[in-house]
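*Asks:* Residue numbers (this note's numbering), protein chains in the order written: chain A, 67 to 695; chain B, 2 to 103; chain C, 13 to 507; chain D, 4 to 469.
Among the hints, a few may not be true.
Derived pair list, reagent style DSBU-like, types lysine-lysine, alpha-carbon separation capped at 30 Å [unchecked claim]:
(1) LYS520(A) - LYS449(A)
(2) LYS96(B) - LYS146(D)
(3) LYS123(C) - LYS359(D)
(4) LYS234(A) - LYS460(C)
(5) LYS233(A) - LYS630(A)
(6) LYS25(D) - LYS144(D)
(7) LYS447(C) - LYS630(A)
(8) LYS98(D) - LYS25(D)
(9) LYS144(D) - LYS98(D)
(10) LYS96(B) - LYS344(D)
(11) LYS181(A) - LYS233(A)
(12) LYS233(A) - LYS460(C)
(13) LYS123(C) - LYS344(D)
(14) LYS310(C) - LYS233(A)
(15) LYS344(D) - LYS144(D)
(16) LYS98(D) - LYS27(D)
(17) LYS310(C) - LYS630(A)
(18) LYS181(A) - LYS460(C)
In silico contact screen, one side only, chain B against chain A (beta carbon under 10 Å); selected entries [what the hints assert, rightly or not]:
(19) ILE20
(20) PHE23
(21) THR25
(22) ARG26
(23) LEU29
(24) VAL95
(25) LYS96
(26) ASN99
(27) GLY103
Pairwise CB distance ranges, derived in the manner of DEER restraints [claimed, not checked]:
(28) LYS96(B) - PRO358(D): 41 to 49 Å
(29) LEU459(C) - THR628(A): 27 to 35 Å
(30) ILE293(C) - ILE401(D): 22 to 30 Å
(31) VAL49(D) - SER17(C): 30 to 38 Å
(32) ILE69(B) - ILE454(D): 46 to 54 Å
It is worth saying that the hints were derived from the structure and are not from the lab.
We treat Cβ as the ideally placed atom computed from N, Cα and C, and that holds for glycine.
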Amino acid sequence: MEYTILILLLPFLSFLVLGLAGMKMSNRLAGTIGTVVLGIVAVASYYTAFDYFAAGRGADGTFPTLMPYNAVWLPISESLHIDMGILLDPISVMMLVVISTVSLMVHIYSFGYMKGERGFQRYYAFLSLFTMSMLGLVVATNIFQMYLFWELVGVSSYLLIGFYYTKKEAIAASKKAFIVTRFADLGFLVGILFYGYYAGTFTFTPQLQMLASAGAMIPLALGLMFIGGAGKSAMFPLHIWLPDAMEGPTPVSALIHAATMVVAGVYLVARMFPLFIGYAPEVLHWVAYVGAFTAFYAASVACVQSDIKRVLAFSTISQIGFMMVGLGVCTSADPHDGGLGYMAGMFHLFTHAMFKALLFLGAGCIIHAVHSNEMSAMGGLRKYMPVTHITFLIACLAISGIPPFSGFFSKDEILTACFAFSPVMGWVMSFIAAMTAFYMFRLYYGIFWGRENKELHARHVPHEAPLSMTVPLIFLALVTCGAGFIPFGEFISSNGQSYTIHLDSQVAITSVCIAVVAIAVATWMYLRERQPVADQLAKTFKGLHRAAYHRFYIDDIYQFVTHKVIFACVSTPIAWFDRHVVDQFMNFLAWCTNASSEEIRSWQSGNVQQYTRVFLGGVLVLVLVLLLI
Amino acid sequence: MIQMEYYLVVSTIMMFAGIYGFFTRRNLLAILISVELILNSVDINFAVFNRFLFPGQLEGFFFALFAIGVSAAETAVAIAIIINIYRNIRNIQVKNMNELNG
Amino acid sequence: MNILSLFVLVPLLMLLGLWLSKSINQIRGVMVAGSTALLGLAVALVFMYLGERASGNTAEMLFMADYVWYAPLNIHYTIGVDGISVAMLLLSAIIVFTGTFASWRLQPLTKEYFLWFCLLSLGVFGFFICIDLFTMFMFYEVALIPMYLLIGVWGSGRKEYSAMKLTLMLMGASALLLAGILGIYFGSGATTMNILEIAALHNIPFEQQCIWFPLTFIGFGVLGALFPFHTWSPDGHASAPTAVSMLHAGVLMKLGGYGCFRVAMYLMPEAAQELSWIFIILTTISVVYGAFSACVQKDLKYINAYSSVSHCGLVLFAILMMNSTASTGAILQMLSHGLMTALFFALIGMIYGRTHTRDIRELNGLMRIMPFLAVGYVIAGLANLGLPGLSGFIAEMTIFNGAFMNDDVFHRTVTIIACTSIVITAVYILRVVGKILYGTCTNEHHLKLTDATWDERLAVIFLVVAVAGLGLAPFWISDMIHESVLPIVSHLALN
Amino acid sequence: MRPELSLIAVILLLFFFDLFAKGKARDYFQPLACVLMAVHVLVNVVPSREAFSLFGSMYQYVPMMSIVKTVMAIGTLVVILQASNWLVGDDTRHKQGEFYVLLLSTLLGMNFMISAGNFLMFFIALELASVPMACLVAFDKYKHHSAEAGAKYILSALFSSGLMLYGISMLYGTTGTLYFDDMAARLSGTPLQVMALVFFFSGLGFKISLVPFHLWTADAYQGAPTTVTGYLSVVSKGAAAFTLMVILMKVFAPMVAEWQTVLFWLIIASITIGNLFAIRQQNMKRFLAFSSISQAGYVMLGVIGGNAMGMTSLVFYLLVYLAANLAAFGIVNVIERNSGKLDMDDYNGLYRTNPKLAFLMTLALFSLAGIPPFAGFFSKFFIFMAAFSEGFHLLVVIALLNTIISLYYYLRVVKAMYINPSDAPIATFRSDGYTRLSLVLCMAGVLLLGIASSVYDGIHLFSFGL
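With the rest of the complex left out, here is chain A (with noise of 0.2 Å):
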């Protein structure tokens, strides 16, 4: 499967022309250079995925995991060195055929999105370069492969965050976003540094007996690169930088914070997941209540946010939480017996992308319509923009897990999973699962529904998309619509063996019923023109809203520390003290000689007879040190 190369090197290449060349070509040859470039590779990951699964199962009855291309890139000492190559395995060809898809979507439906901005080129080169980086992270044959990429996905996304460099926000949020997930990546790499130095190998498939040998130090390994990855994937309370993010350009916040690089993390761990469950398992179960409250805490601000993006920012980090969640509760590798988390978290990794993408895009249509992130300047969109609108219904049903929407099996499979873990991880997942249908219902209404800003669409008519932001929305919304279907514990299981997904239909009907629950007091509340219930309890709740809306202060938080204690108390100090103490001692040295030297200048009085009496002094001193000494 040598042609695997071209999905990394295309879009490479296309960054490197759009980005030398960029400034010299038109808006429409540089976007259609990258989404074409974008399409065959597109097409290439599905072919993959095809040939990979065609294939069929080996032996053991799991699908091989092939290395079409490693070589040694870096070498760091006899046993060690960091490798660049190509792996293909179920996971990693999935996330394969949902980037592509995700970005190819996004690169058509920025056509319409960007037109007229200035720098579009430059635009088009950082998706390019993101689609690399985020597809050669999930390719990685080596954990430091993967951190090399991270980084490089890290970077890209700081660009295209701060794409609008001369607003302020945008840049101070691709600062937070850069500066935050680099934080967190510090722990990814003092993680590989104790897997490389434990392990022996950077690879995913370390030796047994070096494994064991290494006793508690693989756990601290694998919870510090949970780190980096809670980081990436904004779990709390590394999250802070996610609904900043939203400042860039939307397709960028629907492929970057939504799809693709926000479940870096969770596919760290998937990536690790065999040792995790083979060497810590208590670190797994971290994994999993760090999962749980950051899903509970998101859905809670979720819930009050005005800014229709931000709703989005938080939803995206409440479902990952559940992903985390799902692999999490993993208490075997076997799915029949405690593994199923695994294939549920993958499961929904991939109808995730795909229906949030779409929320993404279609927020985009409306945003591009009415030209404001605030629901107040919507309502009652639904009469402008029918096919937003029906997309947007169809995203929202999918999220709150309404059948037969993706969203309903793999949050399912989550649900399950957790009760097959311990009951309360069941009900406190399917209360939040409520808690996602019920602010989800709320955003569309507020979108679709609800009081209508009417002077302001007056002023202004809001109107439908152009074709080329649409199409993307109608095909995402089939996807959604049918990619629950798929069999996916057939492709991916967390022992790799074929597993069929059977409905626990307990669970689901409970699920579905708290879910048409809670879309019922969405629509109670926000459907009509007046809304005094939700009013009422903003009212009542004042504080609890009020602090819920700033987002429980942690941003405030990381603020104070970032520069009260930082900048104030550390930086400052010490240039304080470099300049002063440090500094000064050279120049008092140099002071010292000087005074001296005026001290001094009176042993030259220029009287002769005081000279001799030096003279003489000198003389009988040296003989007292002679015969004295």
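Use these hints to put chains B, C and D onto chain A, whose structure you have.
*Replies:* Below, chains B, C and D alone, put in the same frame as chain A:
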């Protein structure tokens, strides 16, 4: 018979008298005279050492003679220079001779 | 004629040519010809070296030549290179080449400027090719002293103060160094000052080593911006003209690390083992400390100077880890830091040349005004914070991996502390980029500024390509360096 | 005996020329003197290989001595070259003859001093070297400073020679001989002899101007005519230093521990105090005076080791120091003649107006500061090596740290010439041929002595016999 020590005492006294004079006189000529004291005390030393310790030879005496001659030459030059100073600043006080300092 | 001697001969010829040249164009001609020749030499040397190694020549030093100089004192002019010095020579050649173009339009006293410039590069090249302690030291000082005039005459700001401070501190260091060298020579009882021979004898008494090792290490370390002897660096760099900052941060500071490794550690392994912990602490401090102080600086050059303190601290830190991986990383870091800092200073100089200010509070929105320089700056910044694909990443990763191989708590702790520097680096780099490049330009004087001229573009592009080349294909140079540090490291591991 | 004889010949020739030459002939005085000195140098440049002694070993000879004498002769030649533009002045034109005779007789005295084998001989030679020197210092007899400097010099000289004689008398009293060889055999280091050693030491310390016997130096240097200052700072200092080494090694060999202690402290004191004073000098001559004091300290590093390497490096150091210092004085002199300016501030912006001079000055100062690739670096390194090889580690480190201070004040001058702005810089002028020739000679020394190792090797060839 006077022993050597007496001579040495005398010469030493001369020596330090000369040094004292050198340190305290205000007039260049006086200083010059003190220097002569120093040099002559040395001459006495040589003579005495030669006479009492190494009577067989004349090195000390000759050294003394040469020293006298040389010191005469030195004094001559010194006086010439002092006269030159007098020409320039109309006096030969040491205290006026400290323009060069620091 | 040994190819290495050409590295000394060419600058001499350049000096001669400059002496004779009358017009600005002749001067430029001489400089371009000379620096190009040096670059060509360096590249040729790399290939010859690799060829020699490929043909199975396993001698520690290649292209060795030995001319007796002061027979009564056993002083020879002994030259030879291993992978480390080859890499350093290449680096120096690149910096000299780009530095020539970075100071293309320098005024006034252009001729004198380039004379001192050539003398400086003469010293640098000589230092890297020599393996005789005396000759090494001589070239070392030759490289130091032109700095005074280069900064004092052509510099900016408090140039007299900075130049004097820099010169005195570095010369003070070299005084200690001289004592150390004499100590090594007489302590080892060698019959020449040849490093290889002294290392082979390996009989400097331990208690003497404990005296001479710190002297030598500090002597070189000051040039490597070892805390707390780094304070010459911010002022010096801030006042120096563009190309001088490039050469100084890009090459001269590398003399420090190189010397620490090649002389201090190699010749006095026992003391190195014994005392390394002190210097490990110091270097760890300078790594973090430099990064933190860079965070709050207002002057672009100060920011960069402090980040140099941090990165060069990492070099010494890695050397002290005393295993082949970390040492390889140290050399890689020297290369990468040399290139990217040179790039940084070049760009800062060019921006300063237009805006006449380096205060980040007065600069903003340059991306719109001078896109080329701005993009170059961003690339330099990304290289600085260790973006994969650029040179910084490989160096730091090798260092951290190597440092992590000493599995005791002390080394682990300092390694993790050092790792944090990559986050802080990101903080100050992004701070600067966000402040001066992004946003909208509020200063109307800056609005009509022009972008880079062709000579500036040449210098920048050349350095960017070098940085990216090292970052994308590190394996060959890393191999070359790795097999050259092995003898030294094994010598350290002997006891 | 060759150098002394040829020198006496030169002196007599010049003396008679001064007596009989009239009118236009006197214009050839300068070239004649230069030629004769040049001949003198050439005659003695190749030393005779074997050691010998004359006059019942009152006069002793080893090849090294002849090398030192040649070095001194070269120095004198350079001084004469530099003196030209001063001597042709109105108030000195008629006494050129005196100048040469006095100058050369001091040189003669130094030659004898170097080769002395007996304290009487040594004493007379020393006085021969110092008494005419006083006349030279006071040569500008219409300048009060010159006279004052002369007076201070001669009085201090008298005082020091008094003490030295006192010391010699004690030596004589305790050993009963004045011959170096016999005395070496009879010295035992009794307290009296220790005292005598110190007294004697002070006499030469005075001429080398080691702290604390140095206080006359700055004043005499500043007041004396600049060329004479150069001569004082290089030739007489060098001869005295070498003589000191000879006597310490030949005569006081039994008391090596004592004189090493003395030297140890004197070196530290000289280097440090000299530097500290030099830091804030404004007058160039005074500045160079203090720098020469600290240089004297470095020279003594070659003596303290008391080994062959030390002797070689000492002579080499003297040669290099001669080249660099005379270059500096030559430039100071020519600037003083052409603009009458002597202060460091007057040198501001010199590079703009007189680039060549400024550049040469820079090289000379760098060489004095011991910066490669100039000769000073090598000589300093070797002399450190010599002291280090004898285990004076601490001393070397202290001396090394002092080089930083010295670098500082040498750079002050460079700074003045290159960096400091000036509204009234010294006007551009063209220096005369003699001066240029002398500067060329010095620069050749500064640039080549270090790089071309043959000179050092040559000296090394003869460093035996003591």
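*Asks:* Hints first: check each against the structure and report whether it holds.
*Replies:* Results of checking the hints against the structure:
Between LYS520(A) and LYS449(A) the CA atoms are separated by roughly 13 Å; this keeps the pair inside 30 Å, and the hint holds. Distance check on the hinted pair: LYS96(B) and LYS146(D) sit about 18 Å apart at the alpha-carbon level, within 30 Å; holds. Restraint check for LYS123(C) and LYS359(D): the C-alpha separation of about 14 Å stays at or below 30 Å, so the hint holds. Among the hinted pairs, LYS234(A) with LYS460(C) is consistent with the structure: their alpha-carbon atoms are about 23 Å apart, no more than 30 Å.
At roughly 24 Å between alpha-carbon atoms, LYS233(A) and LYS630(A) fall within 30 Å of each other, so this suggested pair holds. Between LYS25(D) and LYS144(D) the CA atoms are separated by roughly 24 Å; this keeps the pair inside 30 Å, and the hint holds. With a CA separation close to 19 Å, the supplied pair LYS447(C) and LYS630(A) stays within the 30 Å bound. Distance check on the hinted pair: LYS98(D) and LYS25(D) sit about 13 Å apart at the alpha-carbon level, within 30 Å; holds.
Between LYS144(D) and LYS98(D), the direct Cα distance comes to roughly 11 Å. Compliance with the 30 Å bound is thereby established for this hinted pair. Restraint check: the Cα-Cα separation between LYS96(B) and LYS344(D) comes to about 27 Å, which is no more than 30 Å; the hinted pair holds. Restraint check for LYS181(A) and LYS233(A): satisfied, since their Cα atoms lie roughly 19 Å apart, inside the 30 Å limit. For the suggested pair LYS233(A) and LYS460(C), the alpha carbons sit about 22 Å apart, so the restraint of at most 30 Å is met.
Of the pairs offered as hints, the one joining LYS123(C) and LYS344(D) holds, with about 29 Å between alpha carbons and a cut-off of 30 Å not exceeded. Distance restraint check for LYS310(C) and LYS233(A): the Cα-Cα separation of roughly 22 Å lies within the 30 Å cut-off, and the hinted pair is therefore satisfied. The hinted pair formed by LYS344(D) and LYS144(D) meets the criterion: a straight-line CA distance of about 20 Å does not exceed 30 Å. Pair hint LYS98(D) plus LYS27(D) holds up; C-alpha atoms about 15 Å apart against a cutoff of 30 Å.
Distance restraint check for LYS310(C) and LYS630(A): the Cα-Cα separation of roughly 18 Å lies within the 30 Å cut-off, and the hinted pair is therefore satisfied. As the CA atoms of LYS181(A) and LYS460(C) are separated by approximately 28 Å, the hinted pair is consistent with the 30 Å bound. Interface restraint check: ILE20(B) against chain A, minimum CB-CB distance 7 Å, threshold 10 Å, status holds. Checking PHE23(B) against chain A by beta carbon gives a least distance of about 6 Å; that is within 10 Å, so the hint holds.
Hint on THR25(B) holds. Least Cβ distance to chain A is approximately 8 Å, under the 10 Å limit. Taking 10 Å as the C-beta contact cut-off toward chain A, the hint placing ARG26(B) at the interface holds, the least distance being around 8 Å. With a cut of 10 Å, the hint placing LEU29(B) at the interface with chain A holds, because the nearest CB-to-CB distance is about 9 Å. With its C-beta approaching chain A no nearer than about 6 Å, VAL95(B) sits inside the 10 Å limit, and its interface hint holds.
Annotation: LYS96(B) was flagged as interfacial toward chain A, and the flag holds, the nearest CB pair being 7 Å apart, inside 10 Å. For ASN99(B), the suggested interface contact is upheld, since its CB lies about 3 Å from the closest CB of chain A, less than 10 Å. Among the interface hints, the one on GLY103(B) holds; its C-beta lies about 6 Å from the nearest C-beta in chain A, closer than the 10 Å criterion. Taking 41 to 49 Å as the suggested C-beta distance range, the pair LYS96(B) and PRO358(D) conforms, at roughly 45 Å.
Range check, LEU459(C) to THR628(A): Cβ separation about 33 Å, and the 27 to 35 Å hint holds. A hinted range of 22 to 30 Å holds for the C-beta pair ILE293(C) and ILE401(D), which are about 28 Å apart. In this structure, VAL49(D) and SER17(C) meet the distance hint of 30 to 38 Å, their C-beta atoms being roughly 34 Å apart. In this structure, ILE69(B) and ILE454(D) meet the distance hint of 46 to 54 Å, their C-beta atoms being roughly 52 Å apart.
Of the numbered hints listed earlier, not one is contradicted by the structure.
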